[in-house]
Amino acid sequence: MRQEKRFNRVLFVTTLLLTSIGVLMVYSAGSIWAAEKYGNQYYYLIRQLVFASIGVLGMLLVSQINYQIYKKHSTKIFLGVMVLLILVLIPGIGLVRGGARSWIGVGAFSIQPSEFVKIAVIIILSKYLSDFYRDMKKPKYIILLLVVIVTVFGVIMLQPDFGTGMVIVTTSVIILFVAGVDLKYFLFLGAAGIGGIAMLIISAPYRLQRIFAYLDPWSDPLGAGFQIIQSLYAVAPGGLFGVGFGNSIQKYFYLPEPQTDFIFAIILEELGFIGGVVIFIIYTVFLLTSLKISYQSKDLFGKFLSLGIALIIFIQFFINIGVVIGLIPVTGVTLPFLSYGGSSLTVTLLGVGIILNISKYQQEV
Amino acid sequence: MNDLIFIMQKRLRFLMVLFCSMIFVLIFRLAYVQFVSGNEITDKAYDLWSRNIPVEGQRGIIYDRNGKPIVNNVLAPSVAVIPRQVEDKQEVARFLSEILDFDYGKALAHLSKNVSVQLIKPEGRKISIEQAQKIIDKNYKGVYIVGDTTRNYLYDTYLAHVLGFVGIDNQGITGIEYIYDDYLMGAGGSSKYYTDAKGHALEQLYGYYDAPTKGMDIYLTIDIDIQILLERVLENANARYQPDQMLGLIMNPKNGEVLAMASYPSFNPENYKEYDQEIYNRNLPIWMSYEPGSTFKIVTYAAGLEEGVFSLNEHFYDPGYRIVDGTRIKDWKAGGHGDQTFLEVIQNSCNPGFMEIGMRLGREKLFSYINNFGFGKKTGVDLLGESSGIVFNVENVGPVELATSAFGQGNSVTPIQLVNAASAAINGGILYKPYVLKEMRMPVTNEVVFSTQPTEIRRVISEETSSTVRHALESVVALGTGRNAYIDGYRIGGKTGTAQKAVNGQYLENNYIVSFLGAAPMNDPELVVYVAIDNPKNTIQYGGTVVAPIVGEILKEALPILGISKQKNQIEKEYRWLDLKYHTVPNLLGVEKKKIPRSVYYGYEYFGSGNVVKYQSPAAGEKIPEGGKILVYLE
Numbered sequence: 001m002r003q004e005k006r007f008n009r010v011l012f013v014t015t016l017l018l019t020s021i022g023v024l025m026v027y028s029a030g031s032i033w034a035a036e037k038y039g040n041q042y043y044y045l046i047r048q049l050v051f052a053s054i055g056v057l058g059m060l061l062v063s064q065i066n067y068q069i070y071k072k073h074s075t076k077i078f079l080g081v082m083v084l085l086i087l088v089l090i091p092g093i094g095l096v097r098g099g100a101r102s103w104i105g106v107g108a109f110s111i112q113p114s115e116f117v118k119i120a121v122i123i124i125l126s127k128y129l130s131d132f133y134r135d136m137k138k139p140k141y142i143i144l145l146l147v148v149i150v151t152v153f154g155v156i157m158l159q160p161d162f163g164t165g166m167v168i169v170t171t172s173v174i175i176l177f178v179a180g181v182d183l184k185y186f187l188f189l190g191a192a193g194i195g196g197i198a199m200l201i202i203s204a205p206y207r208l209q210r211i212f213a214y215l216d217p218w219s220d221p222l223g224a225g226f227q228i229i230q231s232l233y234a235v236a237p238g239g240l241f242g243v244g245f246g247n248s249i250q251k252y253f254y255l256p257e258p259q260t261d262f263i264f265a266i267i268l269e270e271l272g273f274i275g276g277v278v279i280f281i282i283y284t285v286f287l288l289t290s291l292k293i294s295y296q297s298k299d300l301f302g303k304f305l306s307l308g309i310a311l312i313i314f315i316q317f318f319i320n321i322g323v324v325i326g327l328i329p330v331t332g333v334t335l336p337f338l339s340y341g342g343s344s345l346t347v348t349l350l351g352v353g354i355i356l357n358i359s360k361y362q363q364e365v
Numbered sequence: 001m002n003d004l005i006f007i008m009q010k011r012l013r014f015l016m017v018l019f020c021s022m023i024f025v026l027i028f029r030l031a032y033v034q035f036v037s038g039n040e041i042t043d044k045a046y047d048l049w050s051r052n053i054p055v056e057g058q059r060g061i062i063y064d065r066n067g068k069p070i071v072n073n074v075l076a077p078s079v080a081v082i083p084r085q086v087e088d089k090q091e092v093a094r095f096l097s098e099i100l101d102f103d104y105g106k107a108l109a110h111l112s113k114n115v116s117v118q119l120i121k122p123e124g125r126k127i128s129i130e131q132a133q134k135i136i137d138k139n140y141k142g143v144y145i146v147g148d149t150t151r152n153y154l155y156d157t158y159l160a161h162v163l164g165f166v167g168i169d170n171q172g173i174t175g176i177e178y179i180y181d182d183y184l185m186g187a188g189g190s191s192k193y194y195t196d197a198k199g200h201a202l203e204q205l206y207g208y209y210d211a212p213t214k215g216m217d218i219y220l221t222i223d224i225d226i227q228i229l230l231e232r233v234l235e236n237a238n239a240r241y242q243p244d245q246m247l248g249l250i251m252n253p254k255n256g257e258v259l260a261m262a263s264y265p266s267f268n269p270e271n272y273k274e275y276d277q278e279i280y281n282r283n284l285p286i287w288m289s290y291e292p293g294s295t296f297k298i299v300t301y302a303a304g305l306e307e308g309v310f311s312l313n314e315h316f317y318d319p320g321y322r323i324v325d326g327t328r329i330k331d332w333k334a335g336g337h338g339d340q341t342f343l344e345v346i347q348n349s350c351n352p353g354f355m356e357i358g359m360r361l362g363r364e365k366l367f368s369y370i371n372n373f374g375f376g377k378k379t380g381v382d383l384l385g386e387s388s389g390i391v392f393n394v395e396n397v398g399p400v401e402l403a404t405s406a407f408g409q410g411n412s413v414t415p416i417q418l419v420n421a422a423s424a425a426i427n428g429g430i431l432y433k434p435y436v437l438k439e440m441r442m443p444v445t446n447e448v449v450f451s452t453q454p455t456e457i458r459r460v461i462s463e464e465t466s467s468t469v470r471h472a473l474e475s476v477v478a479l480g481t482g483r484n485a486y487i488d489g490y491r492i493g494g495k496t497g498t499a500q501k502a503v504n505g506q507y508l509e510n511n512y513i514v515s516f517l518g519a520a521p522m523n524d525p526e527l528v529v530y531v532a533i534d535n536p537k538n539t540i541q542y543g544g545t546v547v548a549p550i551v552g553e554i555l556k557e558a559l560p561i562l563g564i565s566k567q568k569n570q571i572e573k574e575y576r577w578l579d580l581k582y583h584t585v586p587n588l589l590g591v592e593k594k595k596i597p598r599s600v601y602y603g604y605e606y607f608g609s610g611n612v613v614k615y616q617s618p619a620a621g622e623k624i625p626e627g628g629k630i631l632v633y634l635e
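Going down the list, the sequences are from chains V and S. Every letter in the first sequence is one number past the one before it in our numbering, and letter 284, counting from 1, is 284. Every letter in the second sequence is one number past the one before it in our numbering, and letter 611, counting from 1, is 611.
Please note: incorrect hints may appear among the correct ones.
Covered by chain V, according to a simulated footprint, are these stretches of chain S (three or more residues, beta-carbon under 8 Å) [to be verified]:
#1 5-11
#2 266-274
#3 412-420
Pairs of lysine-lysine, PhoX-like flavour, derived with a Cα cap of 20 Å [to be verified]:
#4 Lys614(S) - Lys629(S)
#5 Lys184(V) - Lys10(S)
#6 Lys138(S) - Lys89(S)
#7 Lys37(V) - Lys594(S)
#8 Lys72(V) - Lys298(V)
#9 Lys44(S) - Lys198(S)
#10 Lys298(V) - Lys44(S)
#11 Lys377(S) - Lys333(S)
#12 Lys10(S) - Lys292(V)
#13 Lys214(S) - Lys68(S)
#14 Lys140(V) - Lys72(V)
#15 Lys134(S) - Lys89(S)
#16 Lys10(S) - Lys137(V)
#17 Lys378(S) - Lys433(S)
#18 Lys629(S) - Lys594(S)
These are computed hints drawn from the structure, not numbers from a lab. Virtual Cβ for every residue (Gly too), placed ideally from N, Cα, C.
Using the sequences and the accompanying hints, generate a full structural model.
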């Protein structure tokens with residue numbers, strides 16, 4: 001293995017593009033709320049710029065670190081993150097925001113351990129699968145993996161953070177699928193998944209309301225349908241060309257926190273269908289490139305790891321935009337690269353750094 | 001091992017295709033939201049962003065039959081506030097409470113409400129132009145002036161009961177304003193201002209004015225000139241007799257159009273709150289029901305003629321009473337009218353004569369005519385608060401009820417039923433449904449949207465009978481009890497009425513509703529006038545004495561308004577010693593005092609100290625009653 005090989009430049013450029021668009025749009029979408037809450041319309045811009053800088057630097061750094069190191073320390077990383085995930089549940093350590101105890105404060109900044117859990121779960125899954133992929137026909141191996149996944153999901157649901165939980169479970173299941181697990185297990189998993197979702201709905205009826213709100217948001221315009229309606233009120237007036245950068249009306253306190261989960265609604269309002277499709281294209285290039293890296297990776301750990309990171313990004317992308325345009329029920333999932341948020345952006349960029357590093361070794365191995 | 005890797009690669013390729021298709025799904029859904037349901041959602045979004053300050057629609061104008069406006073609108077601004085835009089709430093509250101003259105606390109409450117738009121109601125509704133100007137001059141942020149209008153009743157109390165009135169939001173509450181509210185009402189508009197979710201004005205979007213629309217205009221069958229005439233005559237009668245209440249109704253007998261309708265006491269629709277409910281809710285010509293007295297004899301007479309139970313020249317002897325079923329029912333004239341023809345029976349309004357006609361008809365026939373003439377049920381005129389009156393159930397009619405019904409006692413009727421029935425009796429025999437709405441027209445274009453056609457209800461008597469009734473009624477005025485309604489040059493017909501008021505089953509003493517029903521010209525009647533005065537003071541309470549001259553005066557003035565000229569061939573008035581004779585006033589202007597001709601029929605009253613007549617009243621050529629005085633001013 002030689003280090004002079006360069007990482008995949010397409011992936012790097014699309015990442016920088018998406019991150020830059022994100023910084024600009026966080027400014028536009030969040031300036032009104034920032035001025036109202038902090039007396040400074042650049043508040044979110046400055047912070048997002050800092051996160052992006054740290055994230056890009058981190059990504060470049062990570063791209064130089066041989067990814068095999070994660071395989072070696074996979075158990076330590078996983079257990080360390082799990083400790084954080086449990087700490088966050090303890091009142092006094094974990095901070096509640098938006099109804100979920102998901103943050104741990106560190107000085108002026110705070111982090112969301114669940115963002116890091118996504119990577120940790122993929123690392124440990126990739127290690128396990130790359131070591132034991134031949135045994136994946138035996139039920140006990142599969143059951144062991146499922147126990148790990150369900151445990152992580154259960155702990156995240158204690159916050160509760162259904163969105164992140166869903167992302168982790170879906171990513172894990174798709175990795176198992178690619179790893180060659182027999183298709184009959186997925187039928188079983190599908191049934192279990194539907195049963196699990198039914199259980200979750202029964203245990204927290206607000207989720208059921210959210211589902212109904214998605215089917216007909218105007219049936220409860222001030223309650224469960226509120227976010228979807230406000231999102232559509234941004235999307236529809238955008239039309240083909242959008243109302244122009246900075247000219248959104250829905251960001252004027254109509255859409256709550258427009259710089260985070262619903263930033264794509266503001267993007268569609270200001271940049272229109274064309275702007276939206278341009279971002280879709282950049283995303284598609286990014287995704288196909290990272291899947292190609294996984295495809296070309298001869299090292300199974302690298303294959304699963306790069307696949308997993310790409311999956312996390314794609315699944316969040318699909319759920320987030322699906323919510324914004326009223327295709328799927330409201331689920332609190334951020335849009336990778338574009339949404340405001342330190343943990344989300346830096347973890348995504350660090351993940352891309354790992355894929356970049358994997359891309360370096362493809363021709364030789 | 002290679003097999004396993006092969007499966008992995010195959011599944012990865014599948015994922016790439018799957019993900020690309022999922023991205024296409026997103027694009028399709030996005031296109032659907034933006035382009036298919038886009039307009040609908042965008043409209044809703046604009047509704048969300050805009051604050052609408054409502055502007056009332058302008059009500060349609062109410063015109064008379066000749067297009068003269070009766071009710072129109074005047075500008076009356078209203079004040080609206082967008083509380084979140086008001087910067088110094090206390091200062092603005094103090095200012096508004098001062099200008100609009102209401103409590104500071106209330107003003108502050110309006111400004112502190114957590115709503116998008118707050119109308120200052122009622123204190124800020126329909127304010128004066130001066131008040132509005134002061135508010136505009138101050139130009140406080142978040143305080144808006146809206147150009148509302150208010151109703152303007154051009155003739156104050158005249159026609160008030162028919163027109164009705166509107167509430168603070170220009171909604172019709174009674175009368176025509178209420179009945180045709182849906183048509184009169186214009187759709188409201190609004191001033192739109194775009195704001196953020198916290199109510200601050202947005203710079204990206206300019207507000208606009210969504211103009212309110214005008215309601216439809218209404219043309220009534222009322223002739224406002226005739227209405228004014230009726231009201232003035234009633235005002236004079238009020239001053240002279242101080243009655244409890246009065247009513248007047250003028251209709252076109254040929255189609256059921258109401259030409260004028262008045263109730264006294266009346267009210268001003270603009271200040272209806274200052275009056276008792278009983279005043280503005282009782283449109284007497286359709287609300288009041290009472291035993292009509294002799295005016296009802298027209299119906300009995302028409303029925304008898306139609307059935308051929310008597311002829312005009314047939315003789316009848318009136319001893320001054322008739323004993324019916326052991327009860328002695330007196331004539332109104334002590335001693336009776338003696339021997340008369342049936343034409344004289346109606347001229348004299350002879351009660352025993354009408355009892356005779358009633359008996360000859362029998363109860364079934366008489367009551368079938370009473371019902372056919374429309375008594376006992378509402379006429380269906382398009383006005384609020386009509387009564388149906390009470391007519392005996394024919395099974396319960398004994399000989400006494402039959403006898404009294406025949407001359408107008410026992411059954412209670414409304415004035416409009418009576419006028420409508422009399423119209424049928426003289427118009428050739430057709431009963432029409434009375435109406436007040438003539439046309440509805442679009443504002444601005446004046447296009448006729450709806451026009452009422454006369455509604456024929458039924459034929460009640462034949463053309464020939466009707467013609468005989470006309471002759472009989474004309475002779476009542478020329479030769480009988482109605483002679484005080486006589487006008488030289490017009491063929492007037494009519495019938496007096498003195499209705500006794502029954503209270504708790506007893507007729508009141510010296511307290512009558514005196515009335516007269518007149519019509520002209522009798523060869524081809526164009527209008528029927530009915531006036532009833534409830535309990536006139538300082539007079540003999542007879543319809544012929546009190547009301548006949550009033551109706552005569554109305555007819556004399558109204559016929560020229562309708563363009564009906566004087567005719568010949570009228571039945572010549574027969575003078576009796578009781579009647580006043582009229583003499584023509586000579587021309588005295590410029591005549592020396594000594595040379596003024598003396599007359600045994602009238603005298604003079606002199607003013608001034610000169611020797612030559614400068615002015616005289618009445619003027620030369622006018623009529624003066626016997627024993628009257630001519631006022632002469634000398635210089």
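Does Lys10(S) pair with Lys292(V) here, judged by a C-alpha cut-off of 20 Å?
Given that 20 Å is the threshold and the Cα spacing comes to 12 Å, the pair holds.
Can you confirm whether the C-alpha distance between Lys377(S) and Lys333(S) stays at or below 20 Å?
Answer violated: Lys377(S) to Lys333(S) is near 33 Å, above 20 Å.
Does Lys629(S) pair with Lys594(S) here, judged by a C-alpha cut-off of 20 Å?
17 Å, holds
Is the hinted pair Lys214(S) and Lys68(S) satisfied, with a Cα-Cα distance of at most 20 Å?
18 Å, holds
Keeping to a limit of 20 Å between CA atoms, is the pair of Lys10(S) and Lys137(V) held or broken?
18 Å, holds
Are 3 or more residues of the stretch 412-420 of chain S near chain V, judged by a Cβ distance of less than 8 Å?
violated (count 0)
Given the hint that Lys378(S) pairs with Lys433(S), test it: the Cα-Cα distance must not exceed 20 Å.
Given pair Lys378(S), Lys433(S) holds - Cα atoms ~10 Å apart, limit 20 Å.
For Lys614(S) and Lys629(S), compute the direct alpha-carbon distance and say whether it is at most 20 Å.
17 Å, holds
Lys72(V) paired with Lys298(V) [C-alpha distance capped at 20 Å]
Holds. Lys72(V) to Lys298(V) sits at ~18 Å (cutoff 20 Å).
Is the hinted pair Lys140(V) and Lys72(V) satisfied, with a Cα-Cα distance of at most 20 Å?
The given pair, whose Cα atoms are some 24 Å apart, is violated under the 20 Å limit.
Holds or violated: Lys298(V) with Lys44(S), Cα cutoff 20 Å?
Violated - the C-alpha atoms of Lys44(S) and Lys298(V) are around 54 Å apart, more than 20 Å.
Quickly compare the C-alpha distance for Lys44(S) and Lys198(S) to 20 Å and report which way the hint goes.
18 Å, holds
Figure legend: structure checked against the earlier numbered hints; hints not met, in rising order: 2, 3, 7, 10, 11, 14.
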